[in-house]
Amino acid sequence: MELLARFAAGDIEAFETLFRQHQCDVFRWIIRIVRNTATAEDLTVEAFWRLYRAHARFDPVAGNFGAWLRRIATNVAIDHLRRSRIEVPLPDDLPALESMRPGEQSEMRDQIVRALDKLSPNLRSVILLALVEEQPYAEIAQSLGISENAVRVRVFRGVRILRKELSRMGAHP
Amino acid sequence: MNDREMDDVKKLLKDTLKPAHDAELRRDLWPAMLQRLDERPIRVPWWDWALLACAIALFCLFPGTIPALLYHL
Numbered sequence: 000m001e002l003l004a005r006f007a008a009g010d011i012e013a014f015e016t017l018f019r020q021h022q023c024d025v026f027r028w029i030i031r032i033v034r035n036t037a038t039a040e041d042l043t044v045e046a047f048w049r050l051y052r053a054h055a056r057f058d059p060v061a062g063n064f065g066a067w068l069r070r071i072a073t074n075v076a077i078d079h080l081r082r083s084r085i086e087v088p089l090p091d092d093l094p095a096l097e098s099m100r101p102g103e104q105s106e107m108r109d110q111i112v113r114a115l116d117k118l119s120p121n122l123r124s125v126i127l128l129a130l131v132e133e134q135p136y137a138e139i140a141q142s143l144g145i146s147e148n149a150v151r152v153r154v155f156r157g158v159r160i161l162r163k164e165l166s167r168m169g170a171h172p
Numbered sequence: 000m001n002d003r004e005m006d007d008v009k010k011l012l013k014d015t016l017k018p019a020h021d022a023e024l025r026r027d028l029w030p031a032m033l034q035r036l037d038e039r040p041i042r043v044p045w046w047d048w049a050l051l052a053c054a055i056a057l058f059c060l061f062p063g064t065i066p067a068l069l070y071h072l
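Taken in order, these protein sequences are the chains called A and B.
According to numbering that gives the first Met the number 0, the stretch in the first sequence is residues 0 to 172, in order.
According to numbering that gives the first Met the number 0, the stretch in the second sequence is residues 0 to 72, in order.
Everything labelled a hint here was simulated from the structure, so no lab data went into it.
Beta carbons: idealized from backbone N, C-alpha and C, even for Gly.
Please note: incorrect hints may appear among the correct ones.
For the chain B half of the interface with chain A, some residues (derived, Cβ under 7 Å), not all of them [claimed, not checked]:
no.: 1; residue: T15
no.: 2; residue: P18
no.: 3; residue: A31
Turn these sequences into a full structure, and let the hints steer you where they fit.
See the structure below:
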């Protein structure tokens with residue numbers, strides 16, 4: 000029996016195989032949105048937990064496992080942003096590039112973090128994926144279950160809000 | 000907003016936030032997954048319990064409904 004069919008039937012060994020095959024990809028996708036290693040690890044487990052619970056809904060013949068898993072991972076990450084947007088504003092887990100002086104870098108980083116915090120989780124995730132991580136719009140669209148045009152609109156809206164917030168703080172991009 | 004303004008914001012974001020595409024998983028998460036699977040046995044939703052309680056109460060109050068129900072099953 001094929002791996003995906005066994006997974007859909009609830010076979011835990013098939014699930015383990017799929018977990019080991021995909022855990023790194025899921026982790027890398029989630030960390031692009033939540034930007035914290037420990038949180039991304041926890042959310043990777045959460046994403047696979049949701050996947051396992053929904054195994055019976057997966058169609059092993061017509062279903063696209065990778066896309067489905069990516070969608071679940073994105074939802075898990077955005078749910079996390081919704082829950083924690085006030086208390087966890089992008090920690091220093093992922094340091095900035097060395098192109099600025101430390102003082103400048105710290106101040107600008109703080110302003111960017113505060114401006115990003117003004118965005119809704121949906122806009123924030125799209126801005127991070129599209130502008131910081133430079134993921135293709137098609138991939139972002141698939142992971143969110145929206146069209147590429149909707150991604151463009153969200154990027155536009157997000158950038159407009161960021162510019163407004165940064166201007167309000169006296170940082171002119 | 001024009002393309003240049005968009006590029007300015009993009010450059011600012013990239014200068015201050017390092018892309019995470021080179022982040023690597025530090026450990027195998029399968030043990031944590033197993034723990035998670037063990038922690039949460041399948042739970043019966045509370046409304047299922049409420050429905051069951053209502054059915055039992057109905058059967059106690061009106062025993063005549065039992066054969067009627069069995070007839071329709």
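Checked hints:
Proximity of B:T15 to chain A holds as hinted, the smallest CB-CB distance being about 5 Å (cut-off 7 Å). A distance limit of 7 Å between C-beta atoms decides the matter here; for B:P18 the minimum to chain A is near 5 Å, and the interface restraint holds. Taking 7 Å as the C-beta contact cut-off toward chain A, the hint placing B:A31 at the interface holds, the least distance being around 5 Å.
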